[in-house]
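Colleague: Could you build all of it, start to finish, from the sequences and the hints given here?
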Amino acid sequence: MRDGEARENRRPSDDPMRRPRAIHGRAPDVFRLGAWVPMRQFGEDEEVDFAIVGTGAGGGTLACKLAEAGFSVVAFDAGPYWRPLEDFASDETAQSKLYWTDERIVDGENPLQLGSNNSGKSVGGSTVHFAMVSLRFRPEWFKSRTLLGYGADWPLDWREMWTYYEEVEQALKIAGPITYPWGPKRPRYPYRAHELNAAAKVLARGAEALGISWTETPLATISAPRGASPPCVYRGFCTLGCSTNAKQSVLITWLPRALHAGAEIRDLAMVGQIETNGADRVTGVHYHRDCEWHFQRAKNVVVAGYAIETPRLLLMSATSRFPDGLANSSGLVGKNLMVQGNQAVWGIMDDEIRSYKGPPSLAITEHWNYEDKGKDFHGGYAYMSQGPLPVLWARTLAGSRGLWGEALLNEMQRYNHSVGLKVVSEYMPQERNRVTLTDEKDQYGLPIPRVTYSWCDNDKRMNRHALAFMRRALEAAGAREIWDQEDDTCHLNGTARMGFDPRTSVVDGDCRSWDIPNLWICDGSVFPTVGGVNPSLTIQAIACRTADRIKALAARGDLEVRSKDRQLV
Amino acid sequence: MSREVVTSGKQIGEDQVGLGIIAAMAALALAAVLARKQKYRRLAQSSGTVTAARRLNRAAGTLAFSVLFDSAIEHYRGSFHNKAMYTPLVVSSLALAVSAHGVNDERSEMHRLRDAIYVAAAVIGAIGTGFHIYNVAKGPGGINWQSVFYGAPLGAPAAIALSGLLGAAAERIRDSDPHRPRVFGLPAGRLAAAIASLGLLGTTGEASLLHFRGAFHNPFMFLPVTLPPVSAALLAETALGKQHRSRWFTRWWLRLTTAMGFVGVCFHAYGVHRNMGGWRNWRQNVLNGPPLPAPPSFAGLALAGLAALTLVEDRPDA
Ligand SMILES: Cc1cc2nc3c(=O)[nH]c(=O)nc-3n(C[C@H](O)[C@H](O)[C@H](O)COP(=O)(O)OP(=O)(O)OC[C@H]3O[C@@H](n4cnc5c(N)ncnc54)[C@H](O)[C@@H]3O)c2cc1C
Ligand code: SF4
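Top line first, the protein sequences correspond to chains A and B. Mapped onto our numbering, the consecutive letters of the first sequence carry residue numbers 2 to 570. Mapped onto our numbering, the consecutive letters of the second sequence carry residue numbers 1014 to 1331.
Calculated from the structure, these hints are not laboratory results. Check the hints yourself; a few may be wrong.
As the list claims (entries may be wrong) - The following residues of chain A were derived to be distant from chain B, with all beta-carbon distances above 10 angstroms:
(1) M18
(2) E110
(3) G116
(4) E276
(5) G279
(6) K300
(7) D325
(8) D351
(9) P391
(10) R433
(11) N459
(12) R481
(13) E482
(14) I483
(15) D511
(16) L560
What the hints assert, rightly or not - Label pairs and their calculated CB-CB ranges:
(17) B:F1229 with A:A408: 46 to 54 angstroms
(18) B:L1253 with A:S91: 54 to 62 angstroms
(19) B:Q1256 with A:K358: 53 to 61 angstroms
(20) B:R1293 with A:K358: 17 to 25 angstroms
(21) A:D351 with B:A1085: 25 to 33 angstroms
(22) B:S1092 with A:R462: 46 to 54 angstroms
C-beta atoms are modelled at their ideal positions from N, C-alpha and C, and glycine is treated no differently.
Modeller: Structure, rendered in structure tokens:
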């Protein structure tokens, strides 16, 4: 207890949700109580090479890589600059401060539940409270239209992506299995897999019984010390912010590197508009910080606000020359929003499980991502073991199972025996699933986005397949009283897809806008298809690739103009 | 502005280099101290087998010490959920006690009770190894990396078996002809060298597995997987090779391995510090972190190797 008190006393008196922390030439040292690291700062009149909107998986990674390549970088985030060791409480309710809960309007046939399970508002983005599952795409997915007959092809080659995946896995010291059962050979994960908890062993037993492969989930939390990060303590608070720094989030990996390389990070800085000039180039960003609007000049702007805020910002930045919003000559900005299925089956085991011990998804099977036979749908899915904390579990029982009052109380008594399997599945891109602007205004006076979502028949068939299969697996592992949770979805992708053609995509393979050569989009929005795995490793790999491409383009003098444009001039 | 590190320092910072240098100096100093004592005893009792036996008692005791504290910590962590988990504590305590008795016993004859306890330790250690193999194999997917990383360690009960074996050998050496010491009908020195060699190999296997599990995140973690196998090879040569007057290189290498075994405790203490909360949170981190009592099992085996080496060097026929 003494430790707790000591830490309490040293808690900084500042409130990171009200006052920016990254000011006066310094930023919080996320590894040390009350300490700071020096931070380079740029004047607003100084035309920086890159203004990056968002510091999550896409923006944070890119900020690091660009700063390390010698570019001047200012990265903006609407969220606070947390000190994980001090600011994160072991309290599910208090930690909802990490979620993006700004007002949004949802509709469609299957309106999304936005907030905790979709997006974060923090320096470090959603990775501050993500579940750390770090998976590679199946190679064929990069050409799913050509090879598998659905969705759209990516303008990226899987072999090239394989090298960027490796770079990210090394940067995050991913802890994963010695051999991965699916797909082409991959290099050894830098750290060894974690010990399985009882919930993960249930998944393993079910998979063994059904004769399919399973493995330890590659996770972005370390199984041995790394620098100032201690190994995971298996307390299972991961999706509420890791207070030990075992989790290798963007906040504690790429961003300290970015600061070291001379990038500036502006916390509590909400970008409301990207400015363009008469030559159809972006010139900087308008942002709200400390109760005022400011303008930062920049040679390039990168939008990395995730798949709702990114199209929103592009749409909000419309001008008379770009009446439909920036980068939107294809009309596709905001369209093809893809979430992923996150349905679950739950049951009761005779043995105590205590599924909340440790990271939530310690075991996985990607069987149905790599097996194409026996499916009545396009796409694939993975499923993983689960570890909901008590408030979330009570909410799931009340919301998805309809328990209340004494029934809910009685079911909560069996919390330690509950066990479940949860899917991450590949929904199809559909233009009708989209982000648009409404007339209502948020706290910054900016138009509130409307998020429209409906499943297509393929999505529904996949849901049914996944639920039925997971039910068999859970039964085979010895669970009883099994029930289906049919409503959950997770992750946000699409809305600014990359492609080969300006008419059918928003950016090219370098994440560069087809319409405006010094405007870039680098986050989950650029996915043409979403695959059956969690997206953050792919987002970070794309960011690393984009940085390399920008370096190469700059070296050729092609950063100001597209080479094609230059030929025209 | 406080700059307190809540977790740990840098991976290979100055502190670590400093630690490495201190550790290396401590190892050399320890080796030198061991060397001095060795010489003194050799002069005093150059003709007796009792010295060799006492040294083997010391080696058996060091191993028993390592097992006692290691199994106490690990089985406490496992909440002694199976009553059999008390067994290694009892057995290694007894082995430690009789080893202490043996080290102080200068008589040249076997002690019945000591011997009985050593033999029992050897048998129970072997049974325990079987238990641990069963535990590893019964998890989902049978024997795989997950189960060998996180299942019951095979090396721990094997170490108590080795302690018993070395002790039993020590008792038999006391009983045998000082000019032609025999154990189980075999040359005592060579047999002890062979046991120590195999033990070192097994212990290296255990350290390799666990340090691999830790991704060799600290370069010093390579030490216990590189020094001891050389010791094992040198001891194998001692057991099987021709008779030399002096194997000075083997002796120094074994001393180094002994020192490493003791200094390893300091490295593991540093490893404990790198867990969340460091030593302030010792009640949790001593259980989570690298096992403090594990490295001395290398010392125990290297000491047995030294005892064997003296026997072989002094008596052509041992
Ligand atoms: C609960 C949860 C669990 C998850 N688990 C996993 C997992 O296990 N594995 C996995 O791969 N993925 C997981 N994800 C998804 C993953 O976190 C996201 O896919 C990824 O972080 C998206 O990266 P991004 O860069 O596109 O956006 P984000 O990481 O969300 O970053 C966007 C940032 O931009 C900021 N921003 C937005 N608009 C503006 C603006 N106008 N001005 C200033 N700043 C702005 C936001 O504050 C935010 O910080 C999880 C997500 C959640 C919510
Ligand atoms: S279980 Fe591990 S990764 Fe998750 S919050 Fe705890 S220490 Fe962090």
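Colleague: Hint by hint, say whether it matches the structure.
Modeller: How the hints compare with the structure:
Taking the minimum C-beta to C-beta distance to chain B, about 22 angstroms, the non-interface status of A:M18 holds against the 10 angstroms cut. Listed as outside the interface, A:E110 is consistent with that label: its C-beta sits roughly 40 angstroms from the nearest C-beta of chain B, beyond the 10 angstroms cut-off. Look at A:G116: its CB is around 29 angstroms from the nearest CB on chain B, clear of 10 angstroms, so calling it non-interface holds up. For A:E276, the shortest C-beta to C-beta distance to chain B comes to about 38 angstroms, beyond the 10 angstroms cut-off, and the non-interface label holds.
At roughly 49 angstroms, the least C-beta separation between A:G279 and chain B is larger than 10 angstroms, which holds for a residue marked as non-interface. Even its closest Cβ contact with chain B, about 35 angstroms, leaves A:K300 beyond 10 angstroms, as expected for a residue assigned away from the interface. Residue-level check passed: A:D325 sits 50 angstroms from the nearest beta carbon of chain B, beyond 10 angstroms. No Cβ of chain B comes within 10 angstroms of the Cβ of A:D351; the nearest lies about 17 angstroms off, and the non-interface call holds.
With a least beta-carbon separation of about 22 angstroms from chain B, A:P391 lies farther than 10 angstroms from that chain, consistent with its non-interface assignment. Non-interface status of A:R433 relative to chain B is upheld: no Cβ of that chain comes within 10 angstroms, the nearest being about 43 angstroms off. No Cβ of chain B comes within 10 angstroms of the Cβ of A:N459; the nearest lies about 33 angstroms off, and the non-interface call holds. Every CB of chain B lies more than 10 angstroms from the CB of A:R481, the least distance being 19 angstroms, so the non-interface label holds.
For A:E482, the shortest C-beta to C-beta distance to chain B comes to about 22 angstroms, beyond the 10 angstroms cut-off, and the non-interface label holds. Separation of A:I483 from chain B is adequate, the least Cβ-Cβ distance of about 19 angstroms exceeding the 10 angstroms criterion. In this structure A:D511 is separated from chain B by more than 10 angstroms, as the shortest Cβ-Cβ distance comes to about 34 angstroms. Every C-beta of chain B lies more than 10 angstroms from that of A:L560, the closest at about 36 angstroms, which supports listing it as non-interface.
At roughly 52 angstroms, the beta-carbon separation of B:F1229 and A:A408 lies within the given 46 to 54 angstroms, and the hint holds. A beta carbon spacing of about 59 angstroms between B:L1253 and A:S91 agrees with the range 54 to 62 angstroms that was offered as a hint. Between B:Q1256 and A:K358 the beta carbons are some 59 angstroms apart, a value that agrees with the proposed interval 53 to 61 angstroms. Hint check: B:R1293 to A:K358, Cβ distance near 23 angstroms, so the stated range 17 to 25 angstroms holds.
Between A:D351 and B:A1085 the CB atoms are about 32 angstroms apart, so this pair conforms to the stated range of 25 to 33 angstroms. The hinted range of 46 to 54 angstroms is satisfied by B:S1092 and A:R462, whose Cβ atoms lie roughly 47 angstroms apart.
Checked against the numbered hints given earlier, the structure satisfies every one of them.
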